[in-house]
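Undergrad: Place chains B and C on chain A using the hints.
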Amino acid sequence: MNFFQTVFNYIRETYTDRLFYFPSNIRISLLIILFCVIAVLELYVYISFRRAQQIKRKRDEAKWKEYIDNMLANLVIFDESDSTEDIVAHFYPKMSKLPLRNPIVNEVLTAEILTYHKNFTGKIHEVLSILYRRLNLDRKSKKKINNKNWEVKIEGIREANEMRIKEMAGEIIKYTDDENSLLRMEAQAAYIKLSEQYPFRFLDRAQERILDWHQVVLFEIITKNKQLSIPSFSHWLRSSNDTVVMLCLKLIEHFMQFDAAEEVQRLLKHHNPKVVKKSVEIIGKLELADAEKHMFEVYFDQPEEIKLEILNSLGKISSGNYNDFLSSRIYSTDPKIKKEALYAIKRNPEHGEEKLREIYKQTTLENQALIKHVLDHRIKP
Amino acid sequence: MREFLATFETFFNNAIFYYALFVMGSYVVLTLLSAIEMNGYMKKNSYVNYREILVSPLAPSVSILAPAYNEEATIIENIRSLLSLHYGNYEVIIINDGSKDSTFQRMFDYYQLEKVDFAVNYQIQCKEIRGVYKSKLPSFSKLTVVDKVNGGKSDALNAGINVAGKDLILCIDVDCIVQEDALLKLAKPYLEEKYQVIATGGVVRIANSCKVEDGKLVEVNMPRNLWPRFQVLEYIRAFLMGRMAWSRLNGLLIISGAMGLFDKNIVIKVGGYDHSTVGEDMELVVRMRRYMYEQDRRFKVVYIPDPLCWTEAPADLQVLGRQRNRWTRGTIETLWMHKDLFFNPRYGILGMLSYPYWFFFEWLAPIIEFLGISIFILLAFMGNINWEFSLILVSMVYFFSLALSTVAILFEEMSYQQYTKGGDLVKLLLAAFLEPILYHPLTVYWAIMGNVHKFAGKNNWGAMTRKGFTEKKAVQEAPTQTTTI
Amino acid sequence: MSKILIAEDEVLMLKALEFKLKKDGYQVDVAADGRQAMEKVKSNTYDLILTDIMMPFVGGMEILSYIKNDPIKKNTPVLLISAVGLENVVLEGFHLGADDFIYKPFNLNELSVRIKRYIKQNVF
Numbered sequence: 000m001n002f003f004q005t006v007f008n009y010i011r012e013t014y015t016d017r018l019f020y021f022p023s024n025i026r027i028s029l030l031i032i033l034f035c036v037i038a039v040l041e042l043y044v045y046i047s048f049r050r051a052q053q054i055k056r057k058r059d060e061a062k063w064k065e066y067i068d069n070m071l072a073n074l075v076i077f078d079e080s081d082s083t084e085d086i087v088a089h090f091y092p093k094m095s096k097l098p099l100r101n102p103i104v105n106e107v108l109t110a111e112i113l114t115y116h117k118n119f120t121g122k123i124h125e126v127l128s129i130l131y132r133r134l135n136l137d138r139k140s141k142k143k144i145n146n147k148n149w150e151v152k153i154e155g156i157r158e159a160n161e162m163r164i165k166e167m168a169g170e171i172i173k174y175t176d177d178e179n180s181l182l183r184m185e186a187q188a189a190y191i192k193l194s195e196q197y198p199f200r201f202l203d204r205a206q207e208r209i210l211d212w213h214q215v216v217l218f219e220i221i222t223k224n225k226q227l228s229i230p231s232f233s234h235w236l237r238s239s240n241d242t243v244v245m246l247c248l249k250l251i252e253h254f255m256q257f258d259a260a261e262e263v264q265r266l267l268k269h270h271n272p273k274v275v276k277k278s279v280e281i282i283g284k285l286e287l288a289d290a291e292k293h294m295f296e297v298y299f300d301q302p303e304e305i306k307l308e309i310l311n312s313l314g315k316i317s318s319g320n321y322n323d324f325l326s327s328r329i330y331s332t333d334p335k336i337k338k339e340a341l342y343a344i345k346r347n348p349e350h351g352e353e354k355l356r357e358i359y360k361q362t363t364l365e366n367q368a369l370i371k372h373v374l375d376h377r378i379k380p
Numbered sequence: 000m001r002e003f004l005a006t007f008e009t010f011f012n013n014a015i016f017y018y019a020l021f022v023m024g025s026y027v028v029l030t031l032l033s034a035i036e037m038n039g040y041m042k043k044n045s046y047v048n049y050r051e052i053l054v055s056p057l058a059p060s061v062s063i064l065a066p067a068y069n070e071e072a073t074i075i076e077n078i079r080s081l082l083s084l085h086y087g088n089y090e091v092i093i094i095n096d097g098s099k100d101s102t103f104q105r106m107f108d109y110y111q112l113e114k115v116d117f118a119v120n121y122q123i124q125c126k127e128i129r130g131v132y133k134s135k136l137p138s139f140s141k142l143t144v145v146d147k148v149n150g151g152k153s154d155a156l157n158a159g160i161n162v163a164g165k166d167l168i169l170c171i172d173v174d175c176i177v178q179e180d181a182l183l184k185l186a187k188p189y190l191e192e193k194y195q196v197i198a199t200g201g202v203v204r205i206a207n208s209c210k211v212e213d214g215k216l217v218e219v220n221m222p223r224n225l226w227p228r229f230q231v232l233e234y235i236r237a238f239l240m241g242r243m244a245w246s247r248l249n250g251l252l253i254i255s256g257a258m259g260l261f262d263k264n265i266v267i268k269v270g271g272y273d274h275s276t277v278g279e280d281m282e283l284v285v286r287m288r289r290y291m292y293e294q295d296r297r298f299k300v301v302y303i304p305d306p307l308c309w310t311e312a313p314a315d316l317q318v319l320g321r322q323r324n325r326w327t328r329g330t331i332e333t334l335w336m337h338k339d340l341f342f343n344p345r346y347g348i349l350g351m352l353s354y355p356y357w358f359f360f361e362w363l364a365p366i367i368e369f370l371g372i373s374i375f376i377l378l379a380f381m382g383n384i385n386w387e388f389s390l391i392l393v394s395m396v397y398f399f400s401l402a403l404s405t406v407a408i409l410f411e412e413m414s415y416q417q418y419t420k421g422g423d424l425v426k427l428l429l430a431a432f433l434e435p436i437l438y439h440p441l442t443v444y445w446a447i448m449g450n451v452h453k454f455a456g457k458n459n460w461g462a463m464t465r466k467g468f469t470e471k472k473a474v475q476e477a478p479t480q481t482t483t484i
Numbered sequence: 000m001s002k003i004l005i006a007e008d009e010v011l012m013l014k015a016l017e018f019k020l021k022k023d024g025y026q027v028d029v030a031a032d033g034r035q036a037m038e039k040v041k042s043n044t045y046d047l048i049l050t051d052i053m054m055p056f057v058g059g060m061e062i063l064s065y066i067k068n069d070p071i072k073k074n075t076p077v078l079l080i081s082a083v084g085l086e087n088v089v090l091e092g093f094h095l096g097a098d099d100f101i102y103k104p105f106n107l108n109e110l111s112v113r114i115k116r117y118i119k120q121n122v123f
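Protein chains in written order, with numbering that gives the first Met the number 0: chain A, 0 to 380; chain B, 0 to 484; chain C, 0 to 123.
Just chain A, same shape as in the assembly (with noise of 0.2 Å):
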């Protein structure tokens, strides 16, 4: 006891009456090691206080999640016979008297209502729609769409999206040129299911880049979506935003949009080495043929990388026309263009392999050993 009093005693001294006559940097220490012994105290209470608050919210979840999902998962004894509005009167008083003012129940039973919407179709799709509406929760996710930060806007746009709330296109299309990554996106992912005249508007007016990710998730909707009308994208392949064209490349190579070949073949001349690298891998996935004398001719003005696709959709297309261009390759100075020579020759269905067996009579210890690596059908190109 007596030692923790003399300790005290000495701390109390040093941090009051002696504070001012210690040296100038030992007076600095001394503050600094009371900051330090604050802020850690300090840290230990907040630490344990978000640790009590994230139990509680837990259990408080959990509770009424298997309240919620119960009474959700009775949806399903219902049949494809019944008519909707009997099942929705069935569940309405039951849902309405939940007590939505309550932040966490409101969440949860958005949350279900959205997971339950996304995994299933038929009736139980409808029903829960109307039933999204009657209980409001539409304005909420349009209040959220109005709210000033985007985290929450991301939120609602996702709601509306999920639950089909069509008449917020208008409120939505606005932000596919938001300045935010990230809500533009969800915007634009968001605007194609739920404009119903022309949901490839915002392409039109797209002047921020649509990010490589967002194209993916874009695409993904789009060539996922049955219910969607495809347009001809080719319209867009003359944007002056380069990521929109990408897009609109990616989108006419997985439709097969024949009618797109002109604008392709011209873009073999675009200023982005991208955009010209798509658009031979296009021309070899769609064989067209015609493109063939384009492709040759800008051959040597290429990077090694477009170079490679080249070969690849001459390949592809096995017009015979480039057969001896194709086989004069295997005097190149890089591997990696001779072996894309070798497997654009093999990909002639006729007499590809048998082409490259007798190639590989007359050629170097070096060749040959790639027409072998070539011919093995173990090994993935």
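For the record, the hints were derived by calculation from the structure and aren't laboratory data.
Hints may contain errors.
DMTMM-like cross-link-like pairs, simulated, lysine to aspartate or glutamate; straight-line CA separation at most 20 Å [as the list claims (entries may be wrong)]:
#1 A:Lys345 <-> A:Asp300
#2 B:Lys426 <-> A:Asp333
#3 B:Lys268 <-> A:Glu303
#4 B:Lys420 <-> A:Asp59
#5 B:Lys263 <-> A:Asp333
#6 B:Lys215 <-> B:Glu191
#7 B:Lys126 <-> A:Asp375
#8 B:Lys42 <-> A:Glu106
#9 A:Lys117 <-> C:Glu17
#10 B:Lys210 <-> C:Asp32
TA: Just chains B and C now, with coordinates in the frame of chain A:
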């Protein structure tokens, strides 16, 4: 003489004070930066649905490169978990680096391998590749095994790069536990940054005492042993605070050798991993950055703070000491090989900030600390010590480091919260109390020993990795003895 | 009464499937993650297994490959629920012996008809 010693003592106290102030100031700045970056990252990524990248044909393709040397006990299991990652377009390349045990035979039997006519394009120098193998079974079509002459980890990775057929390469330690969504998270930055991304690095977390089933992490626990527990704290501080801040500045120098995703073309252009250093992971990033500056290309090295990779930390002090010794030597070697970067404005952040930081904080700090303690002891012997002042100075450093660790724990709490049990949290907070007294002095000692070994030319621990010494690099590197302090 | 195991990590989905199949008159066993599912599969026999592909710890593929490699249980029909439309996942699933794939979002009534068919096939 007495007078001189008294003056010296004042000077010494002041020097320690200002040095400590400088170091602490830098930590405060880094902490603030990491807080900003962390906040942004968490906010942004709570809205991401990784499913799209998983199913999309537009996602970048990845070759996973995992060197294996004498891993017979776990290799089958490790490969299985690599093959079951959640990602669309990827392949797994295991490089058997001339194992002396049955590593290769086990893979050969279990995965029913057969040799294929693979024409290896030796774009990067590496030891001879004896054969490339694929599985006969269609369900293992993602797997390729490369059998090569032993040359060390860097050499094995280089061999893997020569065989890799995809756009990105993920270099990992074969024995670490990779989270299933790791590839999705690491690949995403390649699709979303404004500038070209050349590398993304992941966090390494400590798996000691955690529950692992079938190569997957099932339950996270605080290590029971004290030394790994200190490392947990150390890693949280380094990964959630340090690297996050450097990522914010786009000045990240190190991507852990346990997990990093790189742009294959750039790696090939810079010549792959360097065989001549034991710090090959850091050296590669420095060289890649440097290349990009020299090409005048805008780029980014991105860091993903999600816990994606778990590894067993050394619980044995001797093994731990050896690891730290090697890290120190790696740092010295990298710094020496790129000494022209030091405050070189041509290399932007790399030259003006990252390199000097590594020089002063990672290399010099333990040495200064060691010298400080030595002088203190000397002065104490001569009776010229103001014990009270010294105690206050030491307390300042102690409480500052305690506060810093506590903030790091708060970061962990607010982000990933891996240690969900209340008891584990308390253990971590207690570790923060003891760390500066018990663990920190050891790290300083190991760092000093690393310096001693490096400059006294003792390279006994690096023996294996030094096998692939190429002539060109030998000239470039070979530190002369004159650089000894 | 035919016995079905449902493995699905999304609680609401699990519950909905459970209710639906119980209503259809099956005896239903549920697993909320892959590990539980694996334990149940190892210690019981079922007439049909309905499992999600993506679950924490143990995926649907692993459960599938366990069943199809077990000499006694290998005739149990396994239906995989998947949100993933990747060709190679589907291919891998069929290689391993999956009986059918169900893509999210799906129609519950359609699923119930399919299940009825698989169970009938197995009885005769």
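Undergrad: Decide, hint by hint, whether the structure agrees.
TA: Okay, the hints, checked on the actual structure:
1. A:Lys345 <-> A:Asp300: Violated - the C-alpha atoms of A:Asp300 and A:Lys345 are around 25 Å apart, more than 20 Å.
2. B:Lys426 <-> A:Asp333: Since the Cα atoms of B:Lys426 and A:Asp333 sit roughly 58 Å apart, the hinted pair is violated (cutoff 20 Å).
3. B:Lys268 <-> A:Glu303: 13 Å, holds
4. B:Lys420 <-> A:Asp59: Since the Cα atoms of B:Lys420 and A:Asp59 sit roughly 19 Å apart, the hinted pair holds (cutoff 20 Å).
5. B:Lys263 <-> A:Asp333: Roughly 17 Å separates the two Cα atoms, so the pair holds.
6. B:Lys215 <-> B:Glu191: 29 Å, violated
7. B:Lys126 <-> A:Asp375: 24 Å, violated
8. B:Lys42 <-> A:Glu106: 18 Å, holds
9. A:Lys117 <-> C:Glu17: 18 Å, holds
10. B:Lys210 <-> C:Asp32: Roughly 17 Å separates the two Cα atoms, so the pair holds.
Going down the numbered hints, you'll see the structure goes against 1, 2, 6 and 7, while the others check out.
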